[in-house]
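We have chain A already, so just place chain B on it with the hints.
Sequence order for the protein chains is A and B. For the first sequence, counting from 1, position 353 maps to 353 in our numbering; every step adds exactly one. For the second sequence, counting from 1, position 457 maps to 1042 in our numbering; every step adds exactly one.
Keep in mind that the hints are not guaranteed to be accurate.
[What the hints assert, rightly or not] Straight line, CA to CA, 27 angstroms or less: simulated BS3-like cross-link-like pairs of lysine-lysine:
| hint | chain 1 | residue 1 | chain 2 | residue 2 |
| --- | --- | --- | --- | --- |
| 1 | B | K663 | B | K763 |
| 2 | B | K763 | A | K323 |
| 3 | A | K331 | B | K763 |
| 4 | B | K736 | A | K178 |
| 5 | A | K178 | B | K908 |
| 6 | A | K78 | A | K67 |
Treat the hints as calculated values from the structure; they're not laboratory data.
2 protein chains.
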Amino acid sequence: MTYRAPVTDIAFALKHSAGFGSALAEGLYGDLDEEVVDAVLAEAGRFASDIIAPLNTVGDRQGARLKDGIVTTPDGWKQAYRDWAAAGWNGLSGPTEWGGQGLPHAVNSACIEMWNSASLAFGLGPVLTMGAVEALAAHGNDGLKKTYLPKLVSGEWTGSMQLTEPQAGSDVGALRTKAERAGDGSYRLTGQKIFITYGEHDFTDNIIHFVLARLPNAPAGTRGISFFLVPKFLLNADGSQGPRNDVRAHSIEHKMGIHGSPTCTMVYGDHGGATGYLIGEENRGMACMFTMMNQARLAVALQGVAIAERSTQQALAYARDRKQGRASGLKEGSSAIIAHPDVRRMLLSMRAQTRAARAICYATAVAIDRAHRNADELSRQAAQERASLLTPVAKAFATDIGIEVSSLGIQVHGGMGYIEETGAAQHYRDARITAIYEGTNGIQAIDLVARKLPVAQGAAVRGHLADMRRTVERVGAANNPAFGATGARLGEAVDSLERATSWLLGRPLDDASLAGATPYLRLFATATGGAFLAEEALAAARVGSEPEARIAIARFFAEHLAPASSGLEREVIEGADSVSDVALA
Amino acid sequence: MTYRAPVTDIAFALKHSAGFGSALAEGLYGDLDEEVVDAVLAEAGRFASDIIAPLNTVGDRQGARLKDGIVTTPDGWKQAYRDWAAAGWNGLSGPTEWGGQGLPHAVNSACIEMWNSASLAFGLGPVLTMGAVEALAAHGNDGLKKTYLPKLVSGEWTGSMQLTEPQAGSDVGALRTKAERAGDGSYRLTGQKIFITYGEHDFTDNIIHFVLARLPNAPAGTRGISFFLVPKFLLNADGSQGPRNDVRAHSIEHKMGIHGSPTCTMVYGDHGGATGYLIGEENRGMACMFTMMNQARLAVALQGVAIAERSTQQALAYARDRKQGRASGLKEGSSAIIAHPDVRRMLLSMRAQTRAARAICYATAVAIDRAHRNADELSRQAAQERASLLTPVAKAFATDIGIEVSSLGIQVHGGMGYIEETGAAQHYRDARITAIYEGTNGIQAIDLVARKLPVAQGAAVRGHLADMRRTVERVGAANNPAFGATGARLGEAVDSLERATSWLLGRPLDDASLAGATPYLRLFATATGGAFLAEEALAAARVGSEPEARIAIARFFAEHLAPASSGLEREVIEGADSVSDVALA
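This is chain A alone, in the form it adopts within the complex (with noise of 0.2 angstroms):
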């Protein structure tokens, strides 16, 4: 069973739960249309089904491999790589003064999501460039500009994001890779990162590295941190390929799962030293890295949404035609075991989760797009917090429930799941990562609770419980029974969050606030979720596409997940004490 891009539910997403089909209405898009948007789609979808998605498997069974410090990347990868960028893919919402096509990161981010549903291994690697030509194009000078950005934009050359060290991972700021200054305004690195995806690949002919490192006599931790720039291959005047610079792959992890893109160790300094440029000023890297991490980060909360999408697809495919047992009401024969309410239970929770995550992950996608082109200052500003805020939720919950739906998705092929020919293992193994890597899911609960939800005195978060009453209160006024008791399960959703975001915004940050962390982001996203998928059910009876089956996703989230709030809401407020060390001497 292979993968097919879920263009119209991607589509409907994108417009009815996350937003882009009034931003788009109100010109936010300049004269972009409708048209055209679904015109991307299909056509992403197309390019993911049909050449990425056959890749996934001969990428998990060869593997990257690395040999003499060269990786070799498994068959047909170079080339389905080279075909996607020569496509316009990685520019599609690059900027166009460098070549890209500046569609929005709504867009692209649903384009993102099918690249990593073919093939969460693949599609990791673009993820970084995008990352870092954001990065580039917000804080590096206008020679450095000139220099790289066309060629990363367009997908030529790809970059690579060098944060973690061996003592240095979410302490990033115990990080000692050092930078000297060269002199002639370059640096010269040396040191070790760890960790590093595509930090050494066969696609390209170049590959950029973008550095964290330390300068001499910098302040210790985050404030002494700087961002640089190293390219593999310095370039000549004339912009061709000059001289390998000293930094290479030493060796390359053996990971549980995706497997297909290398993860490397990379030195730098045999020789004395990489040549790195500046980007940003000097011991402020960190709001670089901020710039490159952000993105990643949605990035990452997609892979989730793709690697449940695939998961849900393959074991429905396999649901339907496996024959198992008698379901009530047949008279003789065996029955596919779509037919037994367990299997159908285990089925509903894969896709239900799987289209909350997705409506979280497209409305932070189009919260970023409002920061960015909204008219006015004020209201990019309100956008900005809208998207930090929701930015957390959705990598650490995206990728939670991509572990979750991946896991569900080999429980309903029963033992074929635990072979690997089927293919379901490959999903459940690939995805364990995505909680860890850009930031575990720890950290991003962390980073909600500590530097999210206290923005503007809790404006943004007040706001979206707002949004999300409104939600419940027109699911009540729409007087359809087929939503059974969705307005209830999504209204107590909503009180426990509520009662939740005031006992964390009425204390200072602590431990005990901390504590709750976890156990609030995910309350946060499952009141979301439900809301978002809500309003795409409110949307679908609006609009005649699909209501029945919209409205039962939306009332079996509300009546099967949300009902794990009140849960959450006590771990949060009256769950501190018991996080104790007592326990664990």
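For chain B alone, coordinates are given in the frame of chain A:
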């Protein structure tokens, strides 16, 4: 980080929450005393930690290999198995008349946990032999018992369980393997079995297969299934090894985990049919299968506990060692990550769920012992009903949390968790099968709701609810502030379980009850696990054995895991209508 058997915790759970202590005191096990039990557990812990645990990694890397019909197990495994059997572990609770030691199932269950913590793939094999012993001892004729039981009890031969066929997984009644009467009292089997664990291996000179097959003209479905003993090598009249039987391993599966254990496709009848011997009566094979299966289900439940325990140990060790960031209260330098509240929450969740699942499994084992050993028929019957009720709960809950805990184990390790060399990923891969084999967890939930609850008008579940109410009262009466909200939260969980139980018992079995079966089982386990941990905490306070730590873990469970109960209750009672196929079209 290797495994150290937590012998103290194991003995404590056995005695104080599982009811083994009072069974011992009242003489259920004759003159067996606590000292002997402690000595057995300590020795098993040494064997598991020192001999088996070091073989776990090589088992994963090498896997079992098949060549020319011969399976080679990983380096060191054959010798370890032979040493293990020679030490008498295989027959620990085996029938004394056939050479077993006749120790309690409860003690053997504790040992099974340890073998499987040390290596799931290794521990899996003996579990099947033990189930086969049980079935043969209960249903076989004297001749078969005399011939086969001594060497199956000693472990000189192993037993395999052969049920599944391509079209007959959960639906065992759909099996097609044929058995024809040979005229001499034996049968000739032809057909194919799949997913046969240790169907072929190099540990022992002979392997005794226990095979479900269908006689000519047998009734359709499960009423036409018979149970056969089919040795790999036939025996000569003097009991010595005779000719090879007509059964062979045709291939072994390429699985996501438990690589060390060969999972075979078995072919019967290349040369006219494998010789088999009927166990029990013709067409009454299901009863034999359930004898074998119930034992195996509890053993798989113990695998869930086992992998959770090992994952927790490894994550704890890492979290104490790995420094990253600065926790509140620390002025300078960096903290071990265990000091961060979110990491502590993960570790506590791991430990609390592991111990809750352990208590449920051991309580099931004690109920099995009572079903065999209680003085009068009525109390044996009651114990049997309790064992039957708890078995599906133990199997599904313990394996589900085994998966969840091993996933948290990866998360605590951050990026290192995704690297195979760390070992956390192997636990996660190994654990995933346990929710599938010996009856998927969905089948367990259906078994609980459809077959186990209604027995004797719910007498067993009502007795269990009353037990838990008493625990809640005792927590209240203890009047110890260290319990926090333990009593309140557990009381609510028991309320939820009681309402959901009454709802299920008050209606005919239909799609609505089946739709809620999985959340019902989770609710059942949550209330039960919480109550058992509270019992351990109360006992710890009474006998002065780590009371602070045991109260803290009971409290964490009650305040963080038990609050899910209200949502689970809603799913059961109000969720059925939304488990429809409307959204899956």
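Violations among the numbered hints: 1 and 4
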